[in-house]
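Colleague: Sequence:
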Amino acid sequence: MKVLVVDDQPDVVRGILDGVNWSRLKIESAFGANSAAEAREILKREQIDILLCDIEMPGESGLHLVSWLREQGQSVKCIFLTAHADFAYAQSALKLEAADYLLQPASYAAIEGAILHAVERLQQERLAQLYSTMGRGAAQEALGFRRSILREFLLGIRGGAQEAAEKASAFGFSCMPETLCRCVWVQIQHWEGEPMEYGLLLYGFQNVLEELLAPMSRQTTVLSLGGDAYLILLDADESGGAYDALCSSLESFHSFAKQELHLGLTCLLGRSAVPFRELPAEYLRLQEAHRNNVARTCGVLPLESGAAPPDVEPDFAKWQSLLDEGCGKAVREEIHAYFDRLSRQGALNREVLSAFHESFLELFFGVLQQRRDRVREVFNDTFDYDAMLHACSTLPQLLEFVDFATDYAEARQGCRQAQGRAQIDRILSFIHKNLPRSIGRAEIARAVYLNPEYLSRLFKKEMGIGLNDYLVQERMKIAQSLLKNTSFSISIVASKVGYINFSHFAKAFKKAFGMSPSEYRKACEKEGK
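In terms of the working numbering, the sequence shown opens at residue 151 and continues consecutively.
Simulated from the structure, these hints should not be mistaken for laboratory data.
Think of the CB as a built atom: it goes at the ideal place given N, C-alpha and C, for glycine as much as any other residue.
Some hints could be false.
Unchecked claim - Calculated lysine to aspartate or glutamate pairs in the EDC-like style (CA-CA distance at most 20 Å, straight line): (1) LYS634 x GLU677; (2) LYS468 x ASP490; (3) LYS468 x GLU512.
To be verified - DEER-style ranges, computed between Cβ atoms: (4) GLY209 x LYS583: 33 to 43 Å; (5) GLN254 x GLU275: 25 to 35 Å; (6) ARG195 x GLY165: 52 to 62 Å; (7) SER543 x GLU270: 56 to 66 Å; (8) LYS408 x ARG591: 43 to 53 Å; (9) GLU221 x GLU270: 21 to 31 Å; (10) SER324 x SER402: 23 to 33 Å; (11) GLY310 x ASP523: 38 to 48 Å; (12) SER543 x LYS479: 46 to 56 Å; (13) ARG195 x ASP575: 57 to 67 Å; (14) GLU484 x GLY310: 47 to 57 Å; (15) PRO160 x SER637: 53 to 63 Å.
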């Protein structure tokens with residue numbers, strides 16, 4: 151099979167082409183394009199089976215490119231890539247029969263899982279087409295159609311409840327608009343295994359879910375929603391204890407996933423079954439509950455009527471004063487305790503997190519303004535500026551920003567001078583071990599894991615001399631000793647202190663000591679007589 155990756159950012163295309171294990175996925179060739187026009191030429195020339203395509207591109211969008219493909223009658227499996235979780239994009243992608251929809255930046259494991267899924271679907275469709283006259287592959291093909299019909303109905307893409315029920319019934323999910331159903335949102339929160347194994351796990355995750363939960367319902371279908379999210383759809387048994395039995399089964403599945411699959415899962419479900427016709431609304435309620443699970447809590451979580459209001463307000467005025475005094479640790483501990491309390495109360499959701507993020511941003515920018523720090527310089531060295539601006543989607547994201555901000559405020563008061571000294575010690579150690587080589591700022595920065603610009607500022611501040619001047623100074627000290635105490639030729643001395651060009655060495659030596667290397671050696675010889 152052949153794959154084409156399309157993105158207007160060359161680094162993204164190159165990253166996917168280099169990072170994905172194509173041979174393990176049994177992909178014969180992988181091509182790259184940086185525009186829809188370039189992709190068209192490749193599609194005309196090559197028999198492409200799977201297309202990974204960015205939605206938002208200058209000029210012609212990925213959606214328009216795939217629409218053109220469909221008009222040409224090409225049955226290419228399309229996996230859309232986008233940096234924005236836009237519901238309209240998801241609707242358009244499904245209308246174009248996309249195989250998957252990934253939010254960027256997507257891990258290589260997620261991309262490989264999506265490709266494996268597309269390969270599986272292609273193989274199923276081709277086998278079904280090949281053996282349709284003999285009846286082979288009919289069950290698997292029906293499952294694919296059933297999942298597609300139900301997902302389109304849930305997302306409100308096309309067809310009403312009556313039409314969707316009739317089509318789903320034709321492909322194995324027997325129901326009517328009034329049939330009672332249950333939805334369970336399953337979200338993979340984290341994975342503790344190898345990245346490649348994760349791609350293989352995603353490959354069969356839908357089938358594993360269906361098999362484990364089949365005893366709970368007369369019919370069960372699992373839909374992939376993208377972004378490591380799945381929706382379990384069951385026809386409901388509203389006899390006594392049915393809800394508790396389902397929760398018990400989900401708890402067992404959660405434990406199995408944690409212990410055997412090394413997955414952290416969240417299972418969200420409503421307390422009551424709903425008619426088939428109300429499934430789109432139930433899906434939206436589950437989606438909202440997932441978004442409000444900002445702490446990324448794992449386990450089986452029933453939908454509640456609403457979050458309890460916080461019983462205590464954050465004391466930003468107090469935290470402002472503490473940060474001004476450099477007491478970052480105290481602020482950090484109080485904020486962590488505040489969110490622990492909200493989590494226990496069930497008072498934590500997107501609205502609370504967003505409001506806190508906005509107020510804390512204002513507080514932190516006030517600290518920077520008071521100290522006359524340049525915002526971009528602060529974030530260039532240790533923390534991503536855009537991540538700071540958008541650190542309100544999940545509690546871990548927000549707390550990471552809080553930890554950075556409080557650490558920074560504390561460091562600016564001189565509480566972290568020891569850390570700066572330790573960094574200088576590592577820098578000096580590397581320099582003196584490598585002076586015989588032609589080392590520079592970039593290599594030193596990589597060796598000690600620091601931003602090059604930050605390294606220069608730190609070195610100047612702690613040592614009172616620029617990095618380049620220090621390198622020359624130390625090299626000249628060694629050269630001076632070698633010229634005085636050895637019989638090495640001057641060119642050998644130059645090479646031993648990292649100079650490839652003899653004239654550069656001679657010029658630097660004369661600038662440091664007021665005489666050329668040969669003049670210095672002669673002067674030393676006269677003194678020794």
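Colleague: What are the numbers of the hints that this structure violates, sorted from low to high?
Modeller: 4, 6, 7, 11 and 12
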